[in-house]
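Engineer: Chain residues, written in single-letter form:
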Amino acid sequence: MWPFRKRPEAPPPTLRRSFVTPEGVDLQLELGSAGARGAAFLLDALLMLVVLVLVTIAIGYLVEGGRSQLLMILWLIGAFVLRNGWFVLFEIGGRGATPGKMALGLRVVARDGAALTGGAVIARNAMREIEIFLPLSFLGYQASQDAADAFLAIFALLWSGIFLFFPLMNRDRLRVGDLVGGTWVVRTARTALAEDIGASETIARPRRSFSDAALDLYGVYELQTLEEVLRLGRPEALATVAATIRRKADIPDDGDDLGFLTDYYRALCGRLERGMMLGRRRDNKHAPTIRRRA
Amino acid sequence: MSTSPEPLLVNASRFRAAHAVDWQRLDGIVTRIERRGIGALTENDLLMLPLLYRSALSSLSVARETSLDRALITYLEGLCTRAYFQIYGVPTSFWRQLGDFFARGWPQAVFGLWRETLVAFLLTVAGALAGFLLVLHDPTIFYTIIPDSLAHGRDPSASAASLRSTLYDDGGKDWLATFATALFTHNAQIAIFAFALGFAFAIPTVLLIVYNGLMLGAFLAVFAGKGLAFQAGGWLFIHGTTEMFAIILSGAAGFRIGTAIAFPGRAARTDFAFAVGRQAAVVMAGTVVMLILAGLLEGIGRQTVKVDLTRYAIGAAMLAGWLTYFYAPRQRHVAVS
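Chains as they are written, first to last, in my numbering: chain R, 1 to 294; chain F, 295 to 631.
Hints in this document: simulated from the structure, not taken from any laboratory.
Wrong hints could be hidden among the right ones.
FRET-style restraints, in silico, Cβ to Cβ [stated by the list, open to error]:
1. F/Val356 x R/Arg234: 44 to 54 angstroms
2. F/Gly333 x R/Phe155: 45 to 55 angstroms
3. R/Tyr61 x F/Gly521: 43 to 53 angstroms
Even glycine gets a Cβ: it sits at the ideal position worked out from N, Cα and C.
Taking the hints into account, I'd like the entire structure generated from these sequences.
Structural biologist: Right, dumping it as structure tokens:
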């Protein structure tokens with residue numbers, strides 16, 4: 001693998017952002033990905049459409065019974081509030097998220113970490129007018145015109161597309177509205193604490209012990225990959241990993257891959273953590289081994 | 295130290311055993327706030343929330359330094375983030391924000407935009423003058439300025455009598471309120487659009503404002519040509535002072551954003567954009583309130599009040615009211631952001 005090894009000084013671009021709380025701890029916020037943002041928006045648009053259709057049908061039935069003027073007014077105001085208020089009213093509430101964002105575990109927060117103000121929410125959502133409505137109206141315009149105006153319409157569509165695809169053009173996935181409102185969208189999905197591999201068994205059983213040479217094979221990166229393999233628990237992956245470790249450490253196969261890997265994980269984790277306490281962190285298998293002091 | 299039958303080799307296991315109860319309790323409290331709001335908490339939970347949050351934060355710091363259990367660190371990061379935003383990131387209540395908006399936020403934001411407002415006003419006046427003079431000079435220009443759907447027969451070819459009737463016709467009293475609502479929603483949408491277009495370096499907003507003035511001038515020219523200038527003025531003035539003011543303000547809000555992005559000065563472009571963006575958004579939200587009033591005045595007030603002087607008086611009173619509300623000297627609270 002030598003010629004293809006990744007250079008360690010070029011980390012892949014991630015959606016993790018440093019965010020230090022007043023208590024001085026870096027929370028490492030995870031931003032919502034463009035895909036999740038788009039999905040949340042489509043979900044919201046769908047819900048708005050459903051609400052609009054249902055309300056229109058309900059009002060249509062009621063009109064039969066007279067009082068059509070009042071209902072017409074209600075419909076006009078309802079449609080206006082739905083179009084302009086759906087995002088604002090949901091995001092201004094304590095959750096900071098529309099139903100679509102809630103479903104995808106997203107939340108709107110102020111970039112400076114302070115409370116989200118009404119002004120910020122209104123600013124970020126008023127900008128949807130040029131992000132969504134403008135391209136849509138140009139599309140409609142193009143559909144209604146003949147070929148003579150097509151060039152103009154395509155130009156207009158491209159221009160307005162700049163606003164629509166703005167989130168893909170910056171690292172922080174900011175919409176135009178996020179830029180003006182000083183907000184960004186972070187992931188705050190509820191996660192359960194995964195089981196502890198280090199002590200998940202209730203039945204006591206004899207543990208395998210490993211030589212120093214066997215434990216010097218790997219570093220933190222490989223340990224956490226092993227953790228992932230153990231949590232996923234797919235038999236073929238377990239078998240491959242176990243076979244590799246046995247071959248490298250020259251340990252005979254005893255037929256119990258899961259038990260072997262769990263024990264190896266514990267032993268390796270304990271050793272690497274002890275090294276870390278002494279200030280000798282071994283990031284991956286290419287780093288120098290943690291040597292015992294004589 | 296540990297009750298398990300064999301000694302725990304891994305730091306994370308010892309750490310989990312000692313603190314998991316606290317984390318789960320914090321998780322429970324935060325989940326309850328997320329689902330049902332802060333009111334769903336008992337007094338005891340409320341008192342424990344900041345303590346549990348700080349202990350979870352310190353757990354996170356310790357785990358990062360001593361543990362290699364990635365699932366544990368991911369869980370604590372997620373938990374602390376959710377708790378942080380429930381503690382520091384929650385907005386004040388909706389009604390309180392609304393009260394603040396009318397008492398201080400809105401007039402202060404409008405006051406802060408006085409330069410842009412003046413520019414938008416002058417652009418409107420220039421547009422109106424141009425439209426007026428152009429149509430007086432050559433009535434056919436009217437048709438290029440104003441689309442048929444807006445003119446409703448009020449064009450240079452109409453007779454003085456039919457023009458006069460449009461000024462005092464009540465258009466069927468039954469539909470007054472519906473008419474008012476339709477006017478409001480249409481105008482409010484345009485105000486929001488003018489604000490949002492400001493982002494494109496304010497150029498589309500300038501065009502929108504000038505065009506608005508141009509239409510005003512062209513309409514007035516048609517009526518003036520038939521000697522109905524005074525009456526048409528009253529017809530426009532009753533709601534126009536509020537409506538035009540609102541459109542000028544939303545244009546000013548758009549200018550503010552556009553100029554902030556084009557010329558951020560010493561501040562970073564993104565930092566400056568949102569500082570002014572929030573202020574401009576407050577102004578824009580206010581224009582929606584003004585347009586509700588303008589819609590009522592236009593849809594109901596104008597159709598019921600038929601005396602020119604009364605129409606002028608109502609329009610002038612509204613204008614005086616807005617000017618006092620926005621620009622009268624008052625005690626300015628520093629603490630409002």
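Engineer: For each hint, tell me whether it holds in the structure or not.
Structural biologist: These are the hints, each one checked on the structure:
Between F/Val356 and R/Arg234 the C-beta distance comes to about 32 angstroms, which lies outside the given range of 44 to 54 angstroms. Judged by the Cβ atoms, the range 45 to 55 angstroms given for F/Gly333 and R/Phe155 holds: they are separated by roughly 53 angstroms. Range check, R/Tyr61 to F/Gly521: about 51 angstroms between beta-carbon atoms, so the 43 to 53 angstroms window is met.
When held up to the earlier numbered hints, the structure conflicts with hint 1 and nothing else.
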